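Protein chains in written order, with numbering that gives the first Met the number 0: chain D, 0 to 517; chain E, 0 to 169.
Quick caveat, the hints were computed from the structure, so don't treat them as lab data. Please note that a few of the clues may not be correct.
To be verified - Derived lysine-lysine pairs resembling DSSO-like cross-links, with alpha carbons at most 27 Å apart:
| id | chain 1 | residue 1 | chain 2 | residue 2 |
| --- | --- | --- | --- | --- |
| 1 | D | Lys459 | E | Lys106 |
| 2 | D | Lys481 | D | Lys459 |
| 3 | D | Lys301 | E | Lys32 |
| 4 | D | Lys216 | E | Lys32 |
| 5 | D | Lys216 | D | Lys91 |
Note that this is a predicted model, so its numbers are computed, not measured.
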Amino acid sequence: MTVKIYIPKDAAALALGAEKVAKAVAAEIAARGLDAQIVRNGTRGMIWLEPLVEVETAEGRVGYGPVKAADVPSLFDANFLSGGAHPRSLGKVEELPFFAKQTRLTFARCGVIDPLSLDDYRAHGGLRGLEKAVATTPAQIVQTVTDSGLRGRGGAGFPTGIKWKTVHDAVADRKYIVCNADEGDSATFADRMIMEGDPFVLIEGMAIAGIATGATKGFVYIRSEYPHAIATMTRAVEIARRAGILGTTVLGSPNAFDIEIRSGAGAYVCGEETSLLNSLEGKRGVVRAKPPLPAIQGLFGKPTVINNVISLASVPVIMDRGSEFYRDFGMGRSRGTIPVQLAGNVRNGGLFEVAFGITLGELVNEIGGGTASGRPVKAVQVGGPLGAYFPVSLFDTPFDYEAFAGKDGLIGHAGITVFDDTADMLKQARFAMEFCAIESCGKCTPCRIGSTRGVETLDKVAAGIEPQKNLELVADLCNTMKFGSLCALGGFTPYPVMSALTHFPEDFAPRTVAEAAE
Amino acid sequence: MSAGFGVSVSFGGDKVRGNFVPGLFDKLIDSLKWLEGPLLPILHEIQEEFGYVPQESLPVIADALNLSNAEVHGVVTFYHDYRREPAGRHVLKLCQAEACQSMGSEKVADKIKRLLGVGFHETSLDGSVTLEPVYCLGLCACAPAAMLDGEVIGRVDDEAIDEIVAEVRR
Numbered sequence: 000m001t002v003k004i005y006i007p008k009d010a011a012a013l014a015l016g017a018e019k020v021a022k023a024v025a026a027e028i029a030a031r032g033l034d035a036q037i038v039r040n041g042t043r044g045m046i047w048l049e050p051l052v053e054v055e056t057a058e059g060r061v062g063y064g065p066v067k068a069a070d071v072p073s074l075f076d077a078n079f080l081s082g083g084a085h086p087r088s089l090g091k092v093e094e095l096p097f098f099a100k101q102t103r104l105t106f107a108r109c110g111v112i113d114p115l116s117l118d119d120y121r122a123h124g125g126l127r128g129l130e131k132a133v134a135t136t137p138a139q140i141v142q143t144v145t146d147s148g149l150r151g152r153g154g155a156g157f158p159t160g161i162k163w164k165t166v167h168d169a170v171a172d173r174k175y176i177v178c179n180a181d182e183g184d185s186a187t188f189a190d191r192m193i194m195e196g197d198p199f200v201l202i203e204g205m206a207i208a209g210i211a212t213g214a215t216k217g218f219v220y221i222r223s224e225y226p227h228a229i230a231t232m233t234r235a236v237e238i239a240r241r242a243g244i245l246g247t248t249v250l251g252s253p254n255a256f257d258i259e260i261r262s263g264a265g266a267y268v269c270g271e272e273t274s275l276l277n278s279l280e281g282k283r284g285v286v287r288a289k290p291p292l293p294a295i296q297g298l299f300g301k302p303t304v305i306n307n308v309i310s311l312a313s314v315p316v317i318m319d320r321g322s323e324f325y326r327d328f329g330m331g332r333s334r335g336t337i338p339v340q341l342a343g344n345v346r347n348g349g350l351f352e353v354a355f356g357i358t359l360g361e362l363v364n365e366i367g368g369g370t371a372s373g374r375p376v377k378a379v380q381v382g383g384p385l386g387a388y389f390p391v392s393l394f395d396t397p398f399d400y401e402a403f404a405g406k407d408g409l410i411g412h413a414g415i416t417v418f419d420d421t422a423d424m425l426k427q428a429r430f431a432m433e434f435c436a437i438e439s440c441g442k443c444t445p446c447r448i449g450s451t452r453g454v455e456t457l458d459k460v461a462a463g464i465e466p467q468k469n470l471e472l473v474a475d476l477c478n479t480m481k482f483g484s485l486c487a488l489g490g491f492t493p494y495p496v497m498s499a500l501t502h503f504p505e506d507f508a509p510r511t512v513a514e515a516a517e
Numbered sequence: 000m001s002a003g004f005g006v007s008v009s010f011g012g013d014k015v016r017g018n019f020v021p022g023l024f025d026k027l028i029d030s031l032k033w034l035e036g037p038l039l040p041i042l043h044e045i046q047e048e049f050g051y052v053p054q055e056s057l058p059v060i061a062d063a064l065n066l067s068n069a070e071v072h073g074v075v076t077f078y079h080d081y082r083r084e085p086a087g088r089h090v091l092k093l094c095q096a097e098a099c100q101s102m103g104s105e106k107v108a109d110k111i112k113r114l115l116g117v118g119f120h121e122t123s124l125d126g127s128v129t130l131e132p133v134y135c136l137g138l139c140a141c142a143p144a145a146m147l148d149g150e151v152i153g154r155v156d157d158e159a160i161d162e163i164v165a166e167v168r169r
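Using the sequences plus the hints, can you model the full thing?
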């Protein structure tokens with residue numbers, strides 16, 4: 000029987016040498032005349048083990064990692080095609096604690112299947128959500144999504160069902176589904192991972208959204224920094240069209256729905272929904288004032304659902320297993336699961352899908368294993384460049400939209416960047432302002448001017464020029480940006496700045512000459 | 000439509016850049032202008048074809064899409080991706096966002112700048128490489144990350160830096 004060998008093609012695995020490993024494995028198979036087939040899967044999300052090579056054995060999938068091309072001949076010598084022991088042996092992949100502790104709903108297939116095989120997708124529960132959707136009414140789909148408690152996973156946490164209901168109720172000759180795949184926040188890669196590892200789940204989620212709201216056209220706006228995701232999604236859409244999942248009759252139903260893949264052009268602000276719509280229309284990615292809401296007047300002035308990748312990719316499992324099934328995970332008003340991304344200076348970096356309610360400390364220390372450098376954790380930034388820095392003293396905060404807001408932070412897209420004790424929080428605060436200045440669309444003054452003034456003022460603090468007075472100025476400036484900016488870029492940049500200042504005041508104190516010279 | 004090329008812009012005697020045959024952009028624009036919101040796809044395609052977005056293409060695009068020159072100029076200059084002049088033979092992007100910062104991306108950038116003799120947003124004098132910062136490649140769990148000519152590289156250490164520099168100089 001042909002043995003299946005899984006070697007990920009996810010960008011992170013490629014960045015760690017998966018292509019060379021795949022070539023070496025192919026060469027050994029040929030040289031030894033073995034009956035084996037290489038499947039290029041997505042990643043399981045255990046990035047510190049990549050490239051993670053898996054072999055399908057009678058007992059289940061056995062893993063080896065991280066594998067270098069130079070390890071490959073010895074893997075064959077150790078008879079790894081039968082699960083033989085080797086210094087890189089990890090045992091059964093699904094029994095690894097990092098994997099076994101997860102609740103994989105949205106990412107159930109990611110890293111398991113061949114991303115571009117529809118047969119694989121169907122065999123692992125794919126399309127069951129869409130099949131149910133075409134068999135029911137749009138209003139019922141909207142109700143199911145509302146009842147599931149799903150909230151926008153892009154960061155704002157707005158209830159997805161309510162957004163869909165608004166578009167469903169709007170009357171127009173044309174409506175759109177726009178998938179926001181402009182995942183620009185540092186520490187986040189969940190969107191990329193699912194697009195590269197299970198693209199059909201996003202297509203299925205978008206098709207369900209189309210049927211629910213009466214939209215016939217969808218766009219996936221993927222940032223240009225993700226060429227692998229763009230390539231995989233483009234091929235997946237073609238395959239879905241040929242299979243009748245997309246097109247004039249979705250799964251043979253009277254519903255028409257098609258998808259177009261679009262590439263961003265390197266502007267961070269286009270992750271903001273209204274600026275993304277402008278970009279899709281071929282304009283400068285400048286933020287629009289709201290109202291009107293995109294659900295009423297969105298793309299080309301038509302009612303538009305604009306959702307994050309993970310929100311849309313979570314819909315198929317909700318339709319398939321029911322709203323109660325999904326809603327029963329989580330805590331408070333945060334229902335279901337969230338793919339937490341552990342990044343930066345962390346020993347076990349990767350994606351960990353879990354029900355809401357797990358604490359920040361469990362995630363960083365127990366799941367993530369502390370820092371990669373082995374030094375003590377100083378701070379973690381949650382939610383990307385617009386998220387707050389949390390000190391270790393707040394590690395008992397549960398992962399929940401409201402709990403984070405209560406600590407002057409945000410979950411955002413659920414990325415966690417870990418910093419060890421060498422981090423300089425004044426420098427991090429300055430970077431937040433600098434990044435805002437680089438990426439500001441320029442439409443509103445607090446963001447455009449405030450960020451530049453913020454950099455200048457923090458530079459004065461660093462230089463020891465009237466630090467007390469200038470820090471008061473920074474706080475005042477942050478207040479203006481928070482309440483006066485048009486969108487989250489200017490409005491949330493104060494989170495990293497003020498949290499750094501509040502929790503790490505010692506880093507903002509006048510520095511001795513010796514430290515300054517470092 | 001090919002007459003749209005009629006602007007003769009002189010680029011300080013740079014022959015290569017003045018060498019656009021009239022009608023060169025039209026086929027490419029015509030193949031995409033039926034899209035909803037075609038401007039970004041057209042600009043991407045032009046950059047893919049020429050390595051940058053030539054000034055000469057802007058009036059042709061404006062004409063084809065019934066936009067003003069100013070509107071097209073405004074869009075080209077808004078986005079970080081569009082180049083106004085050709086890049087070096089290699090393009091090296093170094094991630095400088097937070098997750099990479101936590102793993103020493105600044106030191107990596109300093110070393111590479113020193114070894115290649117270029118700063119960010121610069122092309123080396125021999126035209127071998129253009130160096131750019133990038134704010135997140137989505138490789139945050141294997142930081143610091145880089146991208147050389149579209150190939151992703153994770154955990155950029157001294158050994159990887161040597162390989163990158165060797166590749167660029169080849």
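Violations among the numbered hints: Those not satisfied come down to hint 5.
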